[in-house]
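When the letters of the sequence shown are read in order and numbered with the numbering used here, they come out as residues -15 to 187.
Derived from the structure by calculation, the hints contain no laboratory data.
Mixed in with the good hints there might be a few duds.
[Said to hold, decoys possible] Ranges between beta-carbon positions, derived for each pair: (1) 0 - 85: 48 to 58 Å; (2) 109 - -1: 38 to 48 Å; (3) 169 - 2: 27 to 37 Å; (4) 103 - 13: 33 to 43 Å; (5) 169 - 55: 34 to 44 Å; (6) 69 - -5: 15 to 25 Å; (7) 55 - 11: 42 to 52 Å; (8) -8 - 59: 23 to 33 Å.
Here a beta-carbon is modelled for each residue, glycine too, at the ideal position from N, C-alpha and C.
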Amino acid sequence: GTPWGPPPADRARFLALETELFRRASHIFVGGTYVKENLVAEYGVDPAQVTVAGGGVHPDYLARVVSEVPAQVTNRLVFVGWDFGMKGGQTLLEAFALARAQRPELELLVAGPDAAQQTAQAGVTWLGPVRSRGELIELYRRCDLFVMPSLRDSFGFVFLEAMTQGLPCIGTRMNAMPEIIAEGETGWLVPPRDAPALAAAML
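When you get a sec, could you build the whole thing from the sequences and use the hints?
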């Protein structure tokens, strides 16, 4: 279940309207190949009617790109996302506990989730919603690694935001994340819901 989907009673009607919308569109531009493949397979859209345009970040990030990764290690990891459950939050907390058992100096900063989604855990600091791009940029710069083991992500702009600030990223090997993260070059990909694999990637 996700709060972004229609209620179960409206699902069939919603999907029918969505299918009609996509099939009747003159052309559809999407962020990643994953979405294009889904439109073709699940909605019967003609592949020729869909163009993968990619994605980008707000100009504020591009104006403040970090060209060199800082030599000083902070031992801080950062997560940014509104829906902690859909973005793999439970796996993140489990993995962080495993990693911190080996490296007690590690810290995890979590930006986005409201108080209802927060649980106390050693080494984890909940920042709540961060609504300013300037604050997010400073947050990224305070950390060594961006981690979001998402369970559903049509694109994942936050990975690109973090990369502009010199952070390698960890995501899951699903949806559009393999299109964004070049494994071993700009970060790492792990299986979804695999806390030991995520902890190993963090370490």
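Hint-by-hint comparison with the structure:
Checked against the hint of 48 to 58 Å, the pair residue 0 and residue 85 passes, with Cβ atoms roughly 50 Å apart. Hint check: residue 109 to residue -1, Cβ distance near 40 Å, so the stated range 38 to 48 Å holds. Between residue 169 and residue 2 the beta carbons are some 36 Å apart, a value that agrees with the proposed interval 27 to 37 Å. Hint check: residue 103 to residue 13, Cβ distance near 39 Å, so the stated range 33 to 43 Å holds.
Take residue 169 and residue 55: their Cβ atoms lie about 19 Å apart, and the range 34 to 44 Å is violated. Taken as a hint, the range 15 to 25 Å holds for the pair residue 69 and residue -5, whose Cβ atoms sit roughly 19 Å apart. Distance hint for residue 55 and residue 11: a CB-CB separation of about 47 Å, consistent with the stated range 42 to 52 Å. Taken as a hint, the range 23 to 33 Å is violated for the pair residue -8 and residue 59, whose Cβ atoms sit roughly 44 Å apart.
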